[in-house]
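Single-letter residue listing:
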Amino acid sequence: MKYIDEYRDPQSTRKYAEAIAQLVTRPWTIMEVCGGQTHSIVRFGIQDLLPDEIELVHGPGCPVCVTPVDMVDKAIEIASYSDVIFCSFGDMMRVPGSKSDLTRVRARGGDLRAVYTPLDAVKIAAANPQKQVVFFAVGFETTAPANAMAVYLAKKQGLKNFSVLVSHVLVPPAMKAILSSPDNTVQGFLAAGHVCTVMGTHAYTSLADTYHVPIVVTGFEPLDILQGIYMCVRQLEDGSATVENQYERAVQDDGNTQAQDLIEKVFRVIPRKWRGIGTIPESGWALSDEYSSFDAQQRFKLAEAATEEHTECLSGKVLQGLKKPADCPAFGVTCTPENPLGATMVSGEGACAAYYRYRKERVV
Amino acid sequence: MNRADSFGGSCPVPLGDQPCIKLAHGGGGRLMQQLIEEVFIAAFDNAVLRGGHDGAILDLQNGRTVVTTDSFVVRPLFFPGGDIGTLAINGTVNDLAMCGAKPLFLTSSFILEEGLEIETLWRVVQSMRKAADAAGVLIVTGDTKVVERGHGDGIYINTTGIGCVDHSLFVSPPRIATGDTILVSGDIGRHGMAVMGTREGLAFTTQIESDCAPLWSTVEALLEAGLEIHCLRDATRGGLCSVLNELAQDASLQFDVVENDVPVMPNVRGACEVLGLDVLQVACEGRFVAILPKNESVLALEILKAQNEFAAMIGHVSSAQAGLVTLQTPIGSQRILDMPAGELLPRIC
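Chains A and B, in that order, are what the protein sequence lines are. Residue numbers for the first sequence follow the working numbering, so the first one is 1 and each next one is one higher. Residue numbers for the second sequence follow the working numbering, so the first one is 1 and each next one is one higher.
The hints are simulated quantities; they were obtained by calculation from the structure and are not laboratory data. Being a predicted model, the structure only gives us computed values, none of them experimental. Be a bit skeptical, because a hint or two may be false.
To be verified - For the chain B half of the interface with chain A, some residues (derived, Cβ under 7 angstroms), not all of them:
no.	residue
1	Ala134
2	Pro266
3	Ile303
4	Lys305
5	Thr329
6	Pro330
7	Ile331
8	Arg335
9	Asp338
The beta-carbon is built from N, C-alpha and C at its ideal position, and this holds for glycine as well.
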């Protein structure tokens with residue numbers, strides 16, 4: 001298949017792996033930010049092709065994983081109302097809240113619909129005026145334009161029965177939080193390609209300068225990732241720390257300015273709580289004042305509730321690159337994709353789920 | 001010309017001008033009698049069914065008898081390449097074929113939802129008749145129940161199949177042996193993507209059609225060639241991935257599979273890439289895995305290819321670790337191919 005096979009070519013990937021091995025003189029720890037990259041790395045066994053000196057740690061870029069428990073609980077509460085059609089991206093459905101998950105609400109008779117685009121939720125709202133239609137607007141900068149467009153269209157169409165439960169998060173503040181942590185081990189980043197398709201690369205320049213880390217905007221296929229690692233290692237070995245763009249076929253430095261304009265109109269920046277990590281300043285989006293009437297939290301008058309993570313689960317540390325999935329005593333034992341304790345085991349992009357699904361050895 | 005043919009492709013709309021199924025159609029009275037006679041017997045007409053007895057009395061041929069049963073629930077009822085009726089016939093005759101048995105007879109039970117249009121039922125029943133004819137089976141007895149509106153998805157069908165084994169092979173997982181070759185009878189993933197595409201209203205640039213088809217003629221060709229087939233299994237729910245894991249576990253052997261050798265059509269692969277689905281986990285309804293000794297694999301592949309040009313050898317059996325399936329990835333590394341978790345959920349981005 002064009003634009004896929006070229007980037008999975010065994011000879012080319014091997015050549016890049018050899019080039020990395022020739023370049024490297026000492027150990028380096030590199031974090032791939034995006035869950036899609038983690039998925040590829042584990043699915044294709046990319047770590048096996050790398051020299052021992054290169055350690056890949058997995059970042060917080062899985063939107064399903066970092067959506068806080070209390071937000072999942074709010075989704076479950078709204079979805080349980082009899083006059084609500086609750087729409088969500090498919091892989092949010094199995095994310096455990098503090099007591100239940102959305103698939104269980106559906107099993108008890110809730111009207112839950114997995115949609116492929118938030119615009120489908122707007123169509124559902126237009127077709128069901130007697131129902132309240134709520135879309136669970138999660139994700140990073142990548143999903144924000146479509147989510148913003150849904151709210152924009154709903155307002156334009158005068159839909160009174162559509163609202164969104166927003167839990168949007170932003171990548172650069174999370175990278176900043178990781179770099180500022182006294183426990184940080186990350187020396188270079190593969191930045192999330194599709195996030196940069198929307199937002200461009202400028203936001204990363206100050207991070208690279210301030211923390212003196214190389215940041216390579218990287219794609220998702222094996223060859224993209226190996227080339228991204230090569231570029232990152234080349235900078236690390238040279239002692240340089242700049243922003244480079246491996247994913248030129250999809251990312252322009254300015255990003256998608258039309259999408260950015262829409263996002264700016266519909267959303268405003270707020271501090272956001274990240275599952276397993278905690279609250280990070282200026283790390284999320286909520287609806288702007290102009291669109292606040294579409295906020296499901298206000299419409300359903302949901303109270304804030306304290307929620308707790310499972311005590312055994314290390315997903316917070318995994319999301320910050322401080323632990324690997326296999327370091328967790330629950331991994332593969334009490335925590336599996338069928339019965340996830342934490343969100344990193346749920347989504348295909350979550351590091352724990354990817355490790356479990358594509359593991360090389362059986363977990364005893 | 002039998003009665004069903006005389007109706008052509010459309011519903012006879014007899015049934016006292018009842019356009020929809022009512023609870024009374026399952027109530028044992030005149031309406032039910034009409035439904036049975038004017039829809040089911042009309043379509044499935046044969047001497048055993050016409051006997052109208054509480055059960056079908058069958059003359060089975062010599063040899064071992066195989067019985068299997070399966071229930072069919074699918075939304076939407078109609079999808080590119082088939083419908084719930086073709087699934088209900090092919091699903092069960094294929095389970096017989098996978099046991100090395102020639103399919104002979106089927107039973108067919110319907111659970112209908114109140115309000116179902118009889119025209120819809122008629123279309124499904126016509127599909128069943130065509131599929132049964134193509135598979136060479138007779139539908140010899142059945143049952144109908146009606147549930148209240150909102151308590152079903154239009155039509156649920158259960159079919160039970162009876163087949164006979166007229167050869168000496170025991171086609172079953174314990175026969176799988178170290179060194180065997182693993183073949184797949186055609187390209188995978190079509191059915192699951194066809195259904196998902198229709199259900200979710202996804203507009204793929206090229207329409208993906210279900211691979212729903214009867215498999216007995218292919219199995220029969222393998223048997224007639226005198227091949228020592230060790231095991232056969234059709235890749236339905238959970239796709240190729242589930243079948244390989246089930247068989248590796250049942251046989252207590254290791255399966256080593258090469259991802260690049262697994263045949264997948266570009267449109268199916270493209271749709272899976274876009275939705276973040278693993279095509280190895282996507283359902284087929286007309287494909288099977290055949291496992292047989294390595295020295296017979298070339299002839300077996302030739303026979304499979306005569307039926308489907310995309311049939312391929314995808315791996316082999318070893319004794320390294322009981323119950324394990326490994327996959328060589330496209331870039332040459334190795335990983336475990338795990339049993340799928342269950343419901344296929346597309347990724348966010």
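Hints, verified against the model:
1. Interface hint at alanine 134 of chain B: violated, since its Cβ lies 33 angstroms from the closest Cβ of chain A, which is beyond the 7 angstroms cut-off.
2. At a threshold of 7 angstroms, the smallest CB-CB gap from proline 266 of chain B to chain A is about 5 angstroms, leaving the interface hint in force.
3. Of the supplied interface hints, the one on isoleucine 303 of chain B is violated, with its beta-carbon coming no nearer than about 29 angstroms to a beta-carbon of chain A, more than 7 angstroms.
4. For lysine 305 of chain B, the shortest C-beta to C-beta distance to chain A is roughly 22 angstroms, which exceeds 7 angstroms, and the interface hint is violated.
5. At its closest, the beta carbon of threonine 329 of chain B sits 5 angstroms from a beta carbon of chain A; the interface hint therefore holds under the 7 angstroms criterion.
6. Of the supplied interface hints, the one on proline 330 of chain B holds, with its beta-carbon coming within about 4 angstroms of a beta-carbon of chain A, less than 7 angstroms.
7. Checking isoleucine 331 of chain B against chain A by beta carbon gives a least distance of about 4 angstroms; that is within 7 angstroms, so the hint holds.
8. Because the smallest distance between the Cβ of arginine 335 of chain B and any Cβ of chain A comes to about 5 angstroms, under 7 angstroms, the interface hint for this residue holds.
9. With 7 angstroms as the threshold, the beta carbon of aspartate 338 of chain B comes within range of chain A, its nearest partner Cβ sitting at about 5 angstroms, so the hint holds.
Hint check: violations occur at hints 1, 3, 4; the rest are consistent with the structure.
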